[in-house]
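Below, each chain spelled out in residue letters.
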Amino acid sequence: MKRKLPSLLALVCTGLTVIMALAWLFPVYWIVATAFKSETDTIALPPSFVPFPPDFGAFIYVIQNSPIFRWYLNTILVSSVITFFSIFCALMCAYALSLLDFKGKGLINVALLVGFMLPFGAVAIPLFMLMNKLHFVNTYAGIILPQIATPLSVIVFKRFFDQVPIDFRNAAVIDGAGDFRILFNIYIPLNWSIIWAMAIVTFIGAWNNFFWPFIVTNSTPMLTIPVGMTQVQSAYGVAFAKTSAIAVMASIPTAAAYLLFQKRVTQGVMAAAGIK
Amino acid sequence: MTKAQPNDRPRQRRKRRSIGWVFVAPFLFFYTAFLIYPALQVCYLSLTSSDIAGQGSFVGLQNFAELIRDQDFWASLWHTLYFIFLTVVPNTAVGFFLALLVVRLKRLRLPVLSAFFLPFVLPVSVVTTASLWILDTNFGIINYLVGSSIAWFQDPVWAMPAVALVTIWWTVGFNMLLFIAGLQNISTDVYEAASIDGANAFQRFISITCPLIWPVTSLVLVLQLIAQFKIFDQVYLLTLGGPYNSTMVVLLYMYRQAFQLNRGGYASAVAIVLVVIMLLISALQFRLLQGKRAK
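Read top to bottom, the protein sequences are chains A and B.
All the letters of the first sequence, read from the start, carry residue numbers 1 to 276 under the numbering used here.
All the letters of the second sequence, read from the start, carry residue numbers 1001 to 1295 under the numbering used here.
Only chain A is shown next, with the shape it has when bound in the complex (with noise of 0.2 Å):
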């Protein structure tokens, strides 16, 4: 009898859970079924919860009156080219920073820590005075430049190298490899995992970046998909079919990336956060 209640009990609490699970999840459901609707049936009393048929005039109306393909381009250009960068400049400051001993690598550690404390925002204005001087506002070196130097990556890179066992290396060295060659051919594969895990959260991040692009942009086809969404909403006015259809493209593909590498993802976000 002492059994049968607690299973009874958390049978309510799993139930309480999902439903709890399902209610998250309703306003991405709901901007799915809105972008499925006409506008007339967006506003339409009482609401329909399931669009059927469905209609996909807003998505022709936004693919035909938008650049949100040029966009697209633009954001998985950016994205992609600051994934790697970054990715690649950590792993090799990291490696340095963990093995090699070399002068003013103090100094480097407490700029790295000095640069990981300060926000952003707070450098915007010069950095758009940096960029206004080279001529980079409106072009993807200006958007992806300072997206490159994360100070993050270097730090978790810097904690997974100083577990690999030295002998590792010295065994590399006496054979007589480089260290370029230590670093590909036996630091990273050792490592892929967290590499892999940092490299997607990097990209979900360069692509959701919202700040930057939008200081550094304007210019309409050099937007970036989540900055250029705002500028056609505003240009379409109340029309929650169409914003809602935007929405859900500009969302695909983070949505995508989250769900097909959730274990990375959740493994990059924790080692990021200093756990683990």
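These aren't lab readings, by the way, just hints derived from the structure by calculation.
A portion of the hints provided could be inaccurate.
FRET-style restraints, in silico, Cβ to Cβ [to be verified]:
1) L73(A) to C1043(B): 36 to 42 Å
2) P1161(B) to I252(A): 43 to 49 Å
3) S1018(B) to V110(A): 18 to 24 Å
Cβ atoms here follow ideal geometry from the backbone N, Cα and C, with glycine treated the same way.
Given chain A, put chain B in place with the hints provided.
Below, chain B without anything else, positioned relative to chain A:
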């Protein structure tokens, strides 16, 4: 290795020293050019009457003198603190609560966890689009279901709580993940021992879970404090600082001064205040982490 020739060592060491710089060079280039240099620049700019193109003259501490008397700046600081009050503790508490719910699941764990975490990977503009639609005064589903007619983002009383609510919905998954990791680190032996001693579930929760999860809780609280202090995106997209400036926060105030009123120097002074506060918070975080490591 110990038998390496003595002549060889200094040269090898020198070579290694230079290779260290080769390895840090790519990172250091981007880091210095696009973070350290602008950070130093902002200090200088705060002492000038510069516009957003960088043209202006040195004015000493005049910007700061003006800042102290600037009612709108103090209001923006106050609104930021109000936002922090509405988000930091609630977001941490909800994250902990959701973690407790998720961590006891087995087969349903992954789908439920994903449901709570999914909003976190969406772009902020998608989150605000969904919020503006769902919380719309006339056609929003929330007002329809609740039977209310609140103008969530247009009412000075409701605007900030509504922005806070959206923020919690969006970011709580992150906190939940950290708490789940923390809960999993608590050894089951401790719970078993307590059960044998006759502690009931509630007692176990109060005297085992809560104290053992505290390091994670303090970490989440500080991370939240740092993140929410920088609030800009959601406010800009949801309310533009309105209605009647009731959601004007520090970073938005800085943005407005710099990019709309063309006062780069004055905006830099606002940025300096922001940095000083952030560094104080980070120092607090550092002490907390140090304390954790010392244990």
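Status of the hints after comparison with the structure:
| no. | hint | result |
| --- | --- | --- |
| 1 | L73(A) to C1043(B): 36 to 42 Å | 38 Å, holds |
| 2 | P1161(B) to I252(A): 43 to 49 Å | 31 Å, violated |
| 3 | S1018(B) to V110(A): 18 to 24 Å | 21 Å, holds |
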